[in-house]
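A.B. asks: Residue numbers (the working numbering): 4 to 567.
It is worth saying that the hints were derived from the structure and are not from the lab.
We put the beta carbon where it would ideally sit given N, CA and C, even for glycine.
Careful: at least some of the hints might be erroneous.
[Unchecked claim] Listed next, with one range per pair, are the computed distances between beta-carbon atoms:
1) Arg228 - Asp252: 44 to 54 Å
2) Arg292 - Glu214: 24 to 34 Å
3) Val463 - Pro519: 55 to 65 Å
4) Leu164 - Lys312: 13 to 23 Å
5) Leu333 - Val463: 28 to 38 Å
6) Gln392 - Asp252: 27 to 37 Å
7) Arg562 - Gln402: 51 to 61 Å
8) Leu333 - Arg292: 51 to 61 Å
[Claimed, not checked] Calculated lysine-lysine pairs in the DSS-like style (CA-CA distance at most 30 Å, straight line):
9) Lys146 - Lys111
10) Lys538 - Lys456
11) Lys318 - Lys225
12) Lys427 - Lys405
13) Lys413 - Lys388
14) Lys405 - Lys423
15) Lys482 - Lys465
16) Lys456 - Lys423
17) Lys560 - Lys530
18) Lys438 - Lys423
19) Lys482 - Lys427
20) Lys268 - Lys225
21) Lys438 - Lys336
22) Lys357 - Lys312
23) Lys405 - Lys421
24) Lys167 - Lys225
25) Lys405 - Lys482
26) Lys150 - Lys225
27) Lys482 - Lys530
28) Lys438 - Lys560
29) Lys318 - Lys396
30) Lys427 - Lys438
31) Lys482 - Lys423
32) Lys268 - Lys167
33) Lys357 - Lys318
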Amino acid sequence: MVTYIIGFILIIITLIIIGLILRKRIYDRVDQLEAWKMDIMHRNVSAELQRVKSLKLSGETQEKFEAWKETWDRILTRELPDIEEYLFDAEESADRFKVQTAKRSLNKVEQTLNEIEETIESMYQELDDLLDSEKQSRKEVEKVVPKIKELRHLMLQDRHLFGKAEVRFEKEINEQQNLLDQFYQASDEGNYYEARQIVQTLNDQLSDLSERIEAFPVLYKKCNRELPDQVNQLRNGIREMTQNGYPIDEDQYLSELDQFDQQLKDFVDRLIETDDASIYEAIESMEERIQEIYTILEQEVHAKKYVDKHLESFKTLIEDVLADFNDTDLEVKDLQQTYYLEGSDLELYNNLDKWIHQLERQAEQMIQDLSNGDWTYVAIQDQLKSSYQDLEKFKESHQEFKDQVRTIRKDELAARDKVKETKKTLLDIERRIRKSNLPGVPSSIWNRLDEAKDHTQNVVEKLEEQPLDMGQVSRQLEKTNQSVEDLIEQTEFMMEQAYLVERVIQYANRYRTQYPVLSAKLSEAEKMFRDYYYKEALETASEGLEEVEPGALQRLKTRVEISS
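Sequences are here, hints too, so could you generate the full structure?
C.D. replies: This is the structure we're talking about:
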């Protein structure tokens, strides 16, 4: 029971301590807010407002000053006393340990003080803006006045550059002067905000007017004199080129230039009345088109020089190349009496024939078009350059064809030489076989020899055919070469086998009396040798020898290769 009592007492003591701490915090915050309130109350806002008294007040400026004064009076007479009441209520609530109630009162006080601070800051800012506005406006006006005088002097000095537009520019300068007078009046009457707006408008309009006055003489001069002169010069140039035989579309160009003349007159009239931004764009487009026409005409002049210089020479060159091709034509017809030409060769020849005659027609057409005036010199120049390139390609293809045709005769002579060489090779092989000390030659070798002779004879027969088909000759010659190569390979192999089996038997004879099995195999190998089965004889003799002396066959092969 005593424990519960002690615990209860401790809880009460703890609560009292917490309450005292919270109340202390409330008191401290009350002191802080009270100090903040006193700081605001003692601020010299009235003295700041008195700075405006040095200015003439009227209109919006007077209204602003009265509003600031009323706001400050309301803060001193209503809002700050209300804050004092809230602080007193907070202290009473803290004395009674009503912490939450006290906090609500203090939060309300803090919110009100923040709003007052913002209001005062806004007043100071507007006050500074007003004072700075008056100073800044006068500084800017000091710059504006010389600009207006400068524009008046410019209009007076260079009035001839503006033509009838001088009247509207003088009117606009007078309007700027009126704005300046309005500024002085507003400033004198104390309407500084209105004066500030006027000087800003004056600055913007004066900058725009200065730019337009500066740009006008250049544009006016272009529309009134420079471009009309260019159009007239261009018109005379077009007429002169037409008289000199240039095939240009005179009517189209002159119609376009007439439209330019009318547009330029309209632009001059519009410039006298107003500054139209679309005129700048139209003039730029017109200048580009005039330059484009000049470029086209210059290209036509250069193209005429090129065509006059190269067209006739191209026609002469075509005639020379055609004469050369006609020689090739005779050569082809002569070859066809003796040789058979492949379909691809004839197709290439026919394509070349069409190609050169097409180039000939192009040259004649260009001369005719030039005479009739159907094409411009630029178009004929492009066609002529393209035809030159085609002619060079034709000459290359023609030369390749001529080389190919002449190769046919070279191939015939080469084939005949190859037949002679092949016959000699076959004769040498036959002599070598017959002079060898072999007991005989397998029938397969003789068959290969006969086959090679037959292939060779086929080549001879193909060479005697009229017309001569070199394609078939080449294919038959390829078969002959392969047959001879196979014959040589098999003959060499047979003779190597026969020579080697003799060496193996001779070497193995040293073991013959000692090894009956070896003796039997050697006898069998000798019989095969006499029956022309040299490969089988070598295998049988080698097998017996290897059983007696392993590695002997490889050593004998090495000796045979060295001796060979």
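A.B. asks: Look at each hint and say if it fits the structure.
C.D. replies: Here is what the structure says about each hint:
Against the hinted window of 44 to 54 Å, the Cβ-Cβ separation of Arg228 and Asp252 comes to about 28 Å, which falls outside the hint. As the Cβ distance of Arg292 to Glu214 is approximately 27 Å, the hint placing it in 24 to 34 Å holds. Checked against the hint of 55 to 65 Å, the C-beta distance between Val463 and Pro519 comes to roughly 58 Å, which is consistent with it. Hint check: Leu164 to Lys312, Cβ distance near 49 Å, so the stated range 13 to 23 Å is violated.
Under the hint 28 to 38 Å, the C-beta atoms of Leu333 and Val463, about 30 Å apart, fit the expected range. A hinted range of 27 to 37 Å holds for the C-beta pair Gln392 and Asp252, which are about 28 Å apart. Roughly 59 Å separates the CB atoms of Arg562 and Gln402, a value that falls within the hinted 51 to 61 Å. Leu333 and Arg292 have their C-beta atoms about 58 Å apart, which keeps the hinted 51 to 61 Å range intact.
For the hint linking Lys146 to Lys111, the alpha-carbon distance of about 52 Å lies beyond 30 Å, and the restraint is violated. Distance hint between Lys538 and Lys456 is fulfilled; the C-alpha atoms sit about 26 Å from each other, no more than 30 Å. Of the supplied pair hints, the one linking Lys318 and Lys225 is violated, its CA atoms being roughly 49 Å apart against a limit of 30 Å. Of the supplied pair hints, the one linking Lys427 and Lys405 is violated, its CA atoms being roughly 34 Å apart against a limit of 30 Å.
Between Lys413 and Lys388, the direct Cα distance comes to roughly 38 Å. Violation of the 30 Å bound is thereby established for this hinted pair. For the given pair, Lys405 sits about 28 Å from Lys423 by alpha-carbon distance, which is consistent with the 30 Å threshold. For the given pair, Lys482 sits about 13 Å from Lys465 by alpha-carbon distance, which is consistent with the 30 Å threshold. For the given pair, Lys456 sits about 12 Å from Lys423 by alpha-carbon distance, which is consistent with the 30 Å threshold.
A C-alpha spacing of about 22 Å is found between Lys560 and Lys530, which places the hinted pair at or below 30 Å, so the restraint holds. Only pairs whose Cα atoms come within 30 Å are accepted, and Lys438 paired with Lys423 is accepted, the gap being roughly 22 Å. For the hint linking Lys482 to Lys427, the alpha-carbon distance of about 17 Å falls within 30 Å, and the restraint holds. At most 30 Å may separate the alpha-carbon atoms for a hinted pair to count; Lys268 and Lys225 meet this at roughly 11 Å.
Simply put, Lys438 and Lys336 have alpha-carbon atoms about 52 Å apart, too far for the 30 Å limit, and the pair is violated. Of the pairs offered as hints, the one joining Lys357 and Lys312 holds, with about 27 Å between alpha carbons and a cut-off of 30 Å not exceeded. A threshold of 30 Å between alpha carbons decides the hint, and for Lys405 with Lys421 the separation of about 24 Å falls inside it, so the pair holds. Restraint check: the Cα-Cα separation between Lys167 and Lys225 comes to about 15 Å, which is no more than 30 Å; the hinted pair holds.
For the hint pairing Lys405 with Lys482, the CA-to-CA distance comes to about 28 Å; that is within 30 Å, so the pair holds. Between Lys150 and Lys225 the alpha-carbon distance is near 27 Å, which keeps this suggested pair within the 30 Å criterion. For the given pair, Lys482 sits about 37 Å from Lys530 by alpha-carbon distance, which is inconsistent with the 30 Å threshold. Of the pairs offered as hints, the one joining Lys438 and Lys560 holds, with about 23 Å between alpha carbons and a cut-off of 30 Å not exceeded.
Proximity of Lys318 to Lys396 is assessed by CA-CA distance (about 16 Å); at most 30 Å being required, the pair is judged to hold. Between Lys427 and Lys438, the direct Cα distance comes to roughly 16 Å. Compliance with the 30 Å bound is thereby established for this hinted pair. Among the hinted pairs, Lys482 with Lys423 is consistent with the structure: their alpha-carbon atoms are about 16 Å apart, no more than 30 Å. A hinted pair counts as satisfied when its Cα atoms are at most 30 Å apart, and Lys268 with Lys167 qualifies at roughly 14 Å.
Among the hinted pairs, Lys357 with Lys318 is consistent with the structure: their alpha-carbon atoms are about 17 Å apart, no more than 30 Å.
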